[in-house]
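When we follow the UniProt record's numbering, the leftmost residue of the sequence shown carries the number 1, and every step to the right adds one.
I should point out that these hints are in silico values taken from the structure, not numbers from a laboratory.
Fair warning: there could be bad hints in the mix.
[Stated by the list, open to error] Listed next, the in silico DSBU-like pairs over lysine-lysine satisfying Cα-Cα at most 35 Å (straight line):
1. Lys671 <-> Lys11
2. Lys377 <-> Lys486
3. Lys486 <-> Lys107
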Amino acid sequence: MSSVDDINEDKIEVGKPREWAAGVPGVTHAMGPAFRQMGVPRSLKALTAMNQRDGFDCMSCAWPDPEHRKTFEFCENGAKAVTWEATPITVPTEFWAENPISELLTKSEYWLGMRGRLVQPVHKPAGSEHYRPITWEDAFALIGDTLRGLDSPDEAAFYTSGRTSNEAAFLYQLFVRAFGTNNLPDCSNMCHESTSHAMAETVGIGKSTITYADFALADLIIIMGQNPGSNHPRMLTALEEAKDAGAAIVAVNPLPEAGLMRYKNPQRVRGVVGAGTVIADQYLQIRLGGDMALMQALSRRVLDAEAARPGTVLDHEFLTENCVGLEELRAHLARLDDDAVLAATGLRAAEIDELAARYLRAEKVIITWAMGITQHKKAVPTIREIINLLLLRGNIGKPGAGACPIRGHSNVQGDRTMGIWEKMPPAFLDALEREFGFDPPREQGLDSVGSIRAMRDGRVKVWIALGGNLVGAISDTAVAEAAIQKTSLSVQISTKLNRSHAVVGEQALILPTLGRTEIDLQATGPQFVSVEDTVSAVHSSTGRLKPVSDQLLSEVAIVSRLARATLERTTSIDWAGFENGYDSIRDHIAHVIPGFADFNQRIRQQEGFYLPHAPRDLRTFPTPSGKARLTVNDLEPLERPPGRLLLQTLRSHDQFNTTIYSPHDRYRGIKNGRQVIFVNPEDLAELGLISGMLVDVHSEFSDGVDRVLRRFRLVAYPSARGCAAAYFPEANVLVPLDSVAEDSNTPVSKSVLVRLEPSR
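Construct the entire structure; sequences and hints are all you get.
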């Protein structure tokens, strides 16, 4: 077991933020931990198999793979993710007797994750403070008996992490629906649900409309609300290739991020001994929540340019044949208040004019975004406005142009394709019924926020999570933890410890599973799984390392045995056959899900395959009207009263979602600590505060509840004026459960009104 101590915030060091990303330090910070924790042979075997055609898919993000791959086709954070999962350090049996639940609750995500791999199923009985070992058979029997004893299947909810493979996800949703509920919350509810909703409304499909190759064909790439240098660093290589091909890049982000400024590619000479590549030709430090106003201002300028030079600016043929709503949009934007735009964005008119000029010069434009866009109250209309801007000049459905939401979890998009959604359409449920001979439930199930509400209110009594850390990821931490603690049984299927293992129901189980890096040996031989990346490419993933324990079961095996323990007497589905060989799962997927015909043959192709995408491939739009929709959205800027700031939550550089690899954030100059809040120096002076002092951070919402972070250290940082930032999951406590994005129900974590008070 790891001897790493927990984070000591008293030892925090604050330095200057970096102005470039990667380079030789990126290599040393990737390989050093790998060699120390896994040893050189295991590290090299794992890392050289990552993102290769015959290897495993990186679990740290959903960034696509290029056609021509390098031997070291991984980034710093990908290497950290592999080290975190493939470590040979394991949690020993005596750990559970030595660490009661009350003790685990005092530990940070970092300390919990550094204990090592989980290798034996454990059970916390009712009334006990300790987990204790349990056999697999007894664990499955306990879950099956508990589920069958519920008054209704809807009294259980089944969460899924985006690291789950297509095969495990399909099997999981099949089990849940055969059990009788659509309560299938997932991590997408908290990240790109706003994207899925807005794009389905406007272009008919809630997925990226481009491929990897389109980046190198673009004239202009606009990057909004994302930090590729830390969250998906391999994107920097694609951006560098785009710059080499002549593209301009514009970054729209409240904070200056090293990876958006300059990239030193460690696989190029100029990245090792030279200055590297300037990424952003223009950097707009927008005020939090101002992106919708910016998009409207740009579309207004495009329409004004068309009015000045009729017939030369808009793509009239595309708009006439493929779109509806142009005249309504034109009339709406004619009334746009320029002063309101400047107040909402915090930008100068000249900055917006410069970006508009870039857009008008470019024939092929990609707009790409992540959680900095999707986790606002107005996230859905903001994304509708992104689509408006693209549609006006025909920037969807042609090479080098389109909408590109960047997914975080490596297979979160694939999980949704496989049916992990609380409101799958009737066509999918009908296909399940034809294929498996049972009538799936038709009522809409619970999403992540809805599940917390239902547990809080006593309507959900069993919580089962296939991966993930909902307690760490969801908003309103105190409410979420109290809700899960009201359940009669909580179950976590995991590779390593996180806070969700310490926040438990009356009874709790931890079921340890194989990692993606590990060999998956079943009755018919070694197995592989598949994933879908952020541009809808499906490819295989094959573990190459010997499992750290022979007690581990694969996710597919766990779901199969869970279904058999719960449903054996009520279904004819061959659950055991699924576990024995995953080809049988893929055969069923091919029959149920469009685009997966001949799945077993096509997934064995060297490059895998792209799923069909009508807007991208055919310039047709599967909306009710059969055309893409230009939409009208009312601008409602966020109000910031005097003495208050708008706060966003974000990751550190050494972090993947709620997983903390180290207590450092190299690019932002933070070492040995996480309890910090970044504030513009001019705002500090205006508030009468000093960088380095300790403050209590209070969020202000209409419900009147005082949500507070105690003793956070102020860090003067060149963020947009009036804006602040703090790390999640620590800052999730500030966001009420009911503070969600319109239409998508995604927690609003990127525009939290806060006040700062000196700590006593």
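Consistency of the hints with the structure:
no.: 1; hint: Lys671 <-> Lys11; result: 8 Å, holds
no.: 2; hint: Lys377 <-> Lys486; result: 29 Å, holds
no.: 3; hint: Lys486 <-> Lys107; result: 21 Å, holds
Against the hints set out earlier in the document, no violation occurs for any number.
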